[in-house]
Amino acid sequence: QKEVEQNSGPLSVPEGAIASLNCTYSDRGSQSFFWYRQYSGKSPELIMFIYSNGDKEDGRFTAQLNKASQYVSLLIRDSQPSDSATYLCAVKVNAGNMLTFGGGTRLMVKP
Amino acid sequence: GAGVSQSPSNKVTEKGKDVELRCDPISGHTALYWYRQSLGQGLEFLIYFQGNSAPDKSGLPSDRFSAERTGGSVSTLTIQRTQQEDSAVYLCASSLAMAGTASQETQYFGPGTRLLVL
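Chains as they are written, first to last, in the working numbering: chain A, 1160 to 1270; chain B, 32 to 149.
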């Protein structure tokens, strides 16, 4: 079992809809959770991080963390074609280690 | 301020040649990471440096790969006797620290070096 898992997609949503991206992790002791966006041919850029159970909102983006169920989600409200990209989940698996990245989910927002 | 910079942005080489890729981290960032990303694939961790500690080389795919970080700042990734399977985008990232708060651990990526081995 991989430490951080994401559905590779593609996840296709119509413009204006809510896109829901999910990430599961294997280590219950994981502490910090990050979402990155990577446009085709570009390098990953940070969207947001979360470390407490519950929701964290930043503009159209909401990160949701459920440590009991070991998943973290990213919701994108009012999806735009410009949101089409690969979304990478990264987890701080334990205190002594660096971030572990999932394989990414490709999101396609259709006009 | 300035972000992570990498050079060259593109490199085409012949099989068997050595290549050097350079990374300049964000000023003040003590942790530096190298990843490889093949077309359509996820990030493959290669190596990281944290301050003056010994680097974690656990991700290097073979002994043809090596990296150093001079003066706690600039890093060079060297690939000797390149093979066609080495063709990929090599990404460098830096963070304030490898371990700390989420803010300190956030990795910021450079634009990458696209390596093509013919």
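Where hints are given, some of them may not hold.
What the hints assert, rightly or not - Simulated crosslink set (BS3-like; lysine-lysine; CA at most 25 Å straight-line):
id, chain 1, residue 1, chain 2, residue 2
1, B, K46, B, K88
2, A, K1226, A, K1215
3, B, K88, A, K1161
4, B, K42, A, K1201
5, A, K1269, A, K1201
Said to hold, decoys possible - Example chain B residues on the side facing chain A (calculated, C-beta under 7 Å, incomplete):
id, residue
6, Y79
7, V105
8, L122
Hint data in this document are derived by calculation from the structure and do not stem from the laboratory.
Where a beta carbon is used, it is the ideal one built from N, C-alpha and C, also for glycine.
Hint check:
1. This hinted pair checks out: K46(B) and K88(B) have alpha carbons roughly 24 Å apart, not beyond 25 Å.
2. With a C-alpha separation of about 14 Å, the suggested pairing of K1226(A) with K1215(A) holds against the 25 Å cut-off.
3. About 20 Å separates the Cα atoms of K88(B) and K1161(A), which keeps this hinted pair within 25 Å; it holds.
4. With a C-alpha separation of about 16 Å, the suggested pair K42(B) and K1201(A) falls inside the 25 Å cut-off, and the hint holds.
5. Using a Cα cut-off of 25 Å, the hinted pair K1269(A) and K1201(A) holds, with the two alpha carbons roughly 21 Å apart.
6. The interface hint given for Y79(B) holds, since its Cβ lies 6 Å from the closest Cβ of chain A, which is under the 7 Å cut-off.
7. Interface hint at V105(B): violated, since its Cβ lies 18 Å from the closest Cβ of chain A, which is beyond the 7 Å cut-off.
8. Residue-level restraint check for L122(B) holds (minimum Cβ-Cβ distance to chain A is 6 Å; threshold 7 Å).
Checked against the numbered hints above, the structure violates only hint 7.
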